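Read top to bottom, the protein sequences are chains A and B.
Numbered per numbering that gives the first Met the number 0, the first sequence spans residues 0 to 428.
Numbered per numbering that gives the first Met the number 0, the second sequence spans residues 0 to 89.
Keep in mind the hints are simulated off the structure, nothing from the lab.
All figures in this text were calculated on a predicted structure; none of them were measured in a lab.
Just to be clear, a hint being listed does not mean it is correct.
[To be verified] Derived pair list, reagent style SDA-like, types lysine to any residue, alpha-carbon separation capped at 20 Å: (1) B:K8 - A:P56; (2) A:K365 - B:F25; (3) A:K300 - B:A84; (4) B:K8 - A:G425.
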Amino acid sequence: MTAPAGDRFNAFITRCEPKPGTTGKLAGLAVAVKDNISTRGIPTSCGSKILEGYTPPYHAHIVDLILAEGAGIAGKTNMDEFGMGSSTENSAFGPTKNPVDPARVPGGSSGGSAAAVAAGMVPMALGSDTGGSIRCPAAFCGIVGLKPSYGRVSRYGLVAYANSLEQIGPLAGSVTDVCRLMGVISRYDPRDSTMQDRPFAPRLTGDVKGLRIGVPSEFFGAGVDPGVAETVKGAIGILEGLGARVVPCSMPSMAYALAAYYVTCTSEASSNLARFDGVRYGPPGDVRSAWHDAFRVIREKGFGEEVRRRVLLGTFALSAGYYGKYYAKAQAARRNVSADFARIFREVDVIAGPTMPTTAFRIGEKTAPLSMYLSDILTVPANLAGIPAVSVPCGKVDGLPVGLQVMGRRFEDERVLEVAYAYEQGAAR
Amino acid sequence: MVSPEDVEKIANLADIGLPRERLGEFTREFNAILEYFDILDAVREDAGEHAREFNIMREDEVTGSLPQEEVLALARDSEDGFIRAPRVME
């Protein structure tokens, strides 16, 4: 399969002729949509061969919302298959390249959305974030990306991978544009039973006087590139210069947060991906063979390596005899992560640190699955606890972008964006 | 540690299909990941506070559904309003 014409970075799986409206909050804007978000009449592949030829008969809630506000759909963006990856290399449609340096990955799994924004093909895009899939590519491509609080954006029409962790969120070149898109997609939808009806109203004043910023030592620990750590500390220093106060803190649960995340997401994936059976949609199985044989053949052909690996890991973690050792322990660890955040947020208003431990790595560089997983260490805690987190560009190391991550209390999405805005404005002065 | 036979058994349980030539490498990678997961053995349930998830239920009201023809067309193999599936009985 080849990239659509004019798409040097392979950011899109499907390109559309955007037909934006003339009225509404997004009037005249072309928005790129990650290919795991259902779009009526536009193929939705999740970066997988198992959905080849599938065209959803309905729009995701957020797609209805952006169209109603005058946006046009520029196309469906490339992604790690079903969101499983941190580099957009695990796509059946080939890897997306980082517009900053095409020899490097754009991050993932919403790499196509981030690359489309960074390359100037669209002003804003929609992604999804299960363990960092919006913030990682935002950091690697030098743009802004928000993972909203769990329950702040409807997941109706998002193809589920790990539904206790994931949220749809906006990516754009500036905090202001991220807020503009978030203001539209956060409107209430009773079809997602985990969604809460909370109006989104950030006050972008640039004022952070008296704000208490928690800085956990674990976010600057082993595995974090010294250049990245230095750059992020400099960014936090800018917020300090604007009147914020830095409060050193500690998050002991970081020791096992990544393991808890991978046990949880693979377990949920093993259940969620059982729906791809070649019966109701996607390439059909052989109806003359027995159910399990037809199912296995279709899934062997349709799923890529990483999806197979995660479904196997999840099946194992949930199997009799191992459930207590893996899944039950992971849920206890997850509660401890939430408790750590709750304790720290009694003393501080936001928590800041790097988004990613390194800058964008080279395409093909990370071959061992575990080494790829480890790059998510700083982003997964926010998903485990359901709290909002934004990545905002805060400088470069060797010419490659670095992201400052700001996390906040659950449903204080406005506050993390206000802090990101203050940094953005402060750094520009 | 899991053996290649264990991995094959899990693949069968998951109906996922695992090419034979990939079994060795998959088992090695699987063990590396499981070894990393062992850190969870150290987790002690901390009685700390945490937000409980809950669902917001709605009234069970009849609403519209997707047009039957559109949904059947996605299946590519249907008859008399039903989707044809592989045999469930052996």
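Hinted pair, alpha-carbon criterion (20 Å max): A:K300, B:A84. Please report holds or violated. holds, 18 Å
For a C-alpha distance cap of 20 Å, please report whether B:K8 and A:P56 respect it. violated, 37 Å
| request: For the pair supplied as a hint, A:K365 and B:F25, confirm whether the alpha-carbon distance does not exceed 20 Å. | output: holds, 16 Å
Fill in: Distance restraint between B:K8 and A:G425, which requires alpha-carbon spacing of 20 Å or less
Not satisfied, since the Cα-Cα distance of roughly 57 Å exceeds 20 Å.
In the structure shown, a violation is registered for the earlier hints numbered 1 and 4, in ascending order.
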